[in-house]
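Number of protein chains: 2
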Amino acid sequence: MQYRFADRLSRVPASFLDELFRVSADPSIISFAGGLPSSALIDTGGIAAATRDVMEGEASVALQYTTTDGYLPLREFIAERYRRRLGIPATAGEIQIVNGSQQCLDLFAKIFLDKGDHVGMERPGYLGAIEAFSLYEPTVDTVGLEDDGPDLGAFERLVSGTPVRFFYGIPNSQNPSGTTWSLEKRRAVAGILGDTDTVFYEDDAFGELFFDGRPRPPLKRWLPDQAVLSGSFSKIIAPGMRIGWMYAPREILARFNIVKQAADLHSNFLCQKIMHRYLATHDLDGHIRRIVAVYGRRCRLMCDLLDDLLPQCPHTRPEGGMFLMATLPPGISSRKVFDEGVKNKVAVLPGLPFYVDGGGDDTIRMNFSAPDEEQIREGVHRLSRVIASFR
Amino acid sequence: MQYRFADRLSRVPASFLDELFRVSADPSIISFAGGLPSSALIDTGGIAAATRDVMEGEASVALQYTTTDGYLPLREFIAERYRRRLGIPATAGEIQIVNGSQQCLDLFAKIFLDKGDHVGMERPGYLGAIEAFSLYEPTVDTVGLEDDGPDLGAFERLVSGTPVRFFYGIPNSQNPSGTTWSLEKRRAVAGILGDTDTVFYEDDAFGELFFDGRPRPPLKRWLPDQAVLSGSFSKIIAPGMRIGWMYAPREILARFNIVKQAADLHSNFLCQKIMHRYLATHDLDGHIRRIVAVYGRRCRLMCDLLDDLLPQCPHTRPEGGMFLMATLPPGISSRKVFDEGVKNKVAVLPGLPFYVDGGGDDTIRMNFSAPDEEQIREGVHRLSRVIASFR
Chain S
1 MQYRFADRLS RVPASFLDEL FRVSADPSII SFAGGLPSSA LIDTGGIAAA
51 TRDVMEGEAS VALQYTTTDG YLPLREFIAE RYRRRLGIPA TAGEIQIVNG
101 SQQCLDLFAK IFLDKGDHVG MERPGYLGAI EAFSLYEPTV DTVGLEDDGP
151 DLGAFERLVS GTPVRFFYGI PNSQNPSGTT WSLEKRRAVA GILGDTDTVF
201 YEDDAFGELF FDGRPRPPLK RWLPDQAVLS GSFSKIIAPG MRIGWMYAPR
251 EILARFNIVK QAADLHSNFL CQKIMHRYLA THDLDGHIRR IVAVYGRRCR
301 LMCDLLDDLL PQCPHTRPEG GMFLMATLPP GISSRKVFDE GVKNKVAVLP
351 GLPFYVDGGG DDTIRMNFSA PDEEQIREGV HRLSRVIASF R
Chain E
1 MQYRFADRLS RVPASFLDEL FRVSADPSII SFAGGLPSSA LIDTGGIAAA
51 TRDVMEGEAS VALQYTTTDG YLPLREFIAE RYRRRLGIPA TAGEIQIVNG
101 SQQCLDLFAK IFLDKGDHVG MERPGYLGAI EAFSLYEPTV DTVGLEDDGP
151 DLGAFERLVS GTPVRFFYGI PNSQNPSGTT WSLEKRRAVA GILGDTDTVF
201 YEDDAFGELF FDGRPRPPLK RWLPDQAVLS GSFSKIIAPG MRIGWMYAPR
251 EILARFNIVK QAADLHSNFL CQKIMHRYLA THDLDGHIRR IVAVYGRRCR
301 LMCDLLDDLL PQCPHTRPEG GMFLMATLPP GISSRKVFDE GVKNKVAVLP
351 GLPFYVDGGG DDTIRMNFSA PDEEQIREGV HRLSRVIASF R
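Residue numbers (our numbering), protein chains in the order written: chain S, 1 to 391; chain E, 1 to 391.
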């Protein structure tokens, strides 16, 4: 039988994710290509205890249907943490629980984008966002990302000249680049946006993972009604529970809630209960300090090794998060580095798919959260031999 | 700030679900309006044991990211059960795990519907499907549902005269009507569809809940490449874990997998592991027999009471599932019965939102899975007084 699929499917970029999972599954390959938090840093004992408490005390509630917006005490925890950490006046009524913050990308595009509408993002930009947005058939406009945030001139030209429905950015330890926007650029972008009706979609998956432990101010501080902030427990507690959230003005969140309900009624309630119980009985700040200490060491080690062994490959110097980006010497394709790397038991992620409007084949994304220090040492050595083999 | 939302939001019917959850939260109201399985029949002890096993044996895997398609042993269990129960040659490679079968509605519409495309469904039709489909801005065509399935003449006229991308139906204990399609109508619909390129979307949320314990043959038996079948553990194990699935030909499932990945990467892995562990260590058939015995008694009791106390309200006589539908005497609006009912501490669901093309205000949906026998007795008495008050 011949199936006739919707036009939107022709817009989806080829995904690399399944190829990545295959690479991750081969233990002989040292992978810098994935995006996993360190499994060793997941507090399995603590989560097991929280799970036991929920199953003993309130299993029949946790296993039943619930409301679309999500478990209220969990949303209160998230709002309170925003108030305390970032000094922004968040309330539980502005928080919607989702299945990991990837779901925010899908649902947000769904409420804002008609076919052909403009959406802006950084270049390079997060692949998962490109995939999610593409299915709503928008025109994607990009603004080059510099060491300290977006190119302000290009940003201003874009949002002043084009009816951009929303601009999607990751100001903290961006995926894929590892770049963090400077305070000056945050202020400037907020100022420019304030004169437009473009909404700012601030993806904050990595804001808790600054190596210096200091939070950076979200753009939402300057754009309370014009910015939304998405967050996730995947990087700081556990991704397998798929608990993220959208923090947005009530008028936006009401629409977001409608499409969330149509999409899957509500996020899994058992994991929401477990997550809340875990948060209520454990020291999250202490747990994050432990993660950040490890990731900071791994990042510095990877940077130092790249400086020593691959001086011909300039790279970003992340202040946090899980990724850095390196640029290959002229004439070397990242796709070939991936293929040769896998043969030589080291995997990096080609930058190509992060450049929605082409280019980027001279870049690679490298993850430093999943591999340990020994793997980073050995993996960068392998990578340096692979790249040397192209000369 | 003035937000400019996507046009698709203007297509969403007003939802009644949150109103329902409020009604459910008031313990003084006997609710026939919801759609919850009985909390008392959830095997909390068994699920707690399965949870303990997973947390002791494989927590760090279950709490990490995984692949989009879902946990392979769980997909193998589902496929094996189809082979054994329904005699159809399902394989794990044709199964995708989703966040409850509501997510199938969203993702399936996403891969098949461009704006303005035709989609067919029963009249009355499942509200959650109407909500999910509407967001893709299709033209919805309906076919009247008779006591034994769709009006065949109307069905044939629709699919032969209109390029219907897919027809969505619930042949087993339909929501909201409680109707089960006869074997003859299943064969006839499959025969009619076989001459078209309209895909059949067979929602089988209730197929395990026939009071006589006998499965009915799915249309997919006659339309192996032209039908997809969605299923769910929500009604037979626990809805709070949000584990459903889509069973579809590989060419369709490949697209479904792409949009699932863009929507939320993957379903929560911890609950997939717990669900599989539970299924591997418990007697699912025996558990379902216990549920079905209770629901069958409750359904018969509700039917008998309606016959006795509200002879002016004809109603369907379900063979399974969780709902029946009753027709109000002429001139009585279901919306008023809802409002008056709540004042008198009994809630029913107005039929209106199940009729996407209007009408239906003389119908009410009544749930018999959540209330116990005492509540059913008292609730139907209250309802009969409410309806009498309108004469």
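It should be emphasised that the hints constitute simulated quantities derived from the structure, not laboratory data.
Possibly wrong hints are sitting among the right ones.
Across the chosen pairs, the derived CB separations fall in these ranges [unchecked claim]:
#, chain 1, residue 1, chain 2, residue 2, range
1, S, F390, E, D197, 48 to 54 Å
2, S, R81, E, P314, 40 to 46 Å
3, S, A40, E, Y3, 40 to 46 Å
4, S, P73, E, S160, 31 to 37 Å
5, S, P27, E, R221, 39 to 45 Å
6, S, D114, E, R290, 26 to 32 Å
7, S, D7, E, Y3, 48 to 54 Å
Away from chain E, derived, C-beta distances all over 12 Å, residues of chain S [claimed, not checked]:
#, residue
8, I47
9, D114
10, I130
11, V140
12, G161
13, R165
14, P217
15, G331
16, K345
17, G358
Idealized CB from N, CA, C, for every residue including glycine.
Quick rundown of the hints versus the structure:
no. : hint                        : in the structure
1   : F390/S / D197/E: 48 to 54 Å : 49 Å, holds
2   : R81/S / P314/E: 40 to 46 Å  : 55 Å, violated
3   : A40/S / Y3/E: 40 to 46 Å    : 43 Å, holds
4   : P73/S / S160/E: 31 to 37 Å  : 54 Å, violated
5   : P27/S / R221/E: 39 to 45 Å  : 43 Å, holds
6   : D114/S / R290/E: 26 to 32 Å : 49 Å, violated
7   : D7/S / Y3/E: 48 to 54 Å     : 27 Å, violated
8   : I47                         : 6 Å, violated
9   : D114                        : 5 Å, violated
10  : I130                        : 9 Å, violated
11  : V140                        : 14 Å, holds
12  : G161                        : 17 Å, holds
13  : R165                        : 7 Å, violated
14  : P217                        : 20 Å, holds
15  : G331                        : 33 Å, holds
16  : K345                        : 22 Å, holds
17  : G358                        : 21 Å, holds
When each numbered hint is compared with the structure, violations occur for hints 2, 4, 6, 7, 8, 9, 10 and 13.
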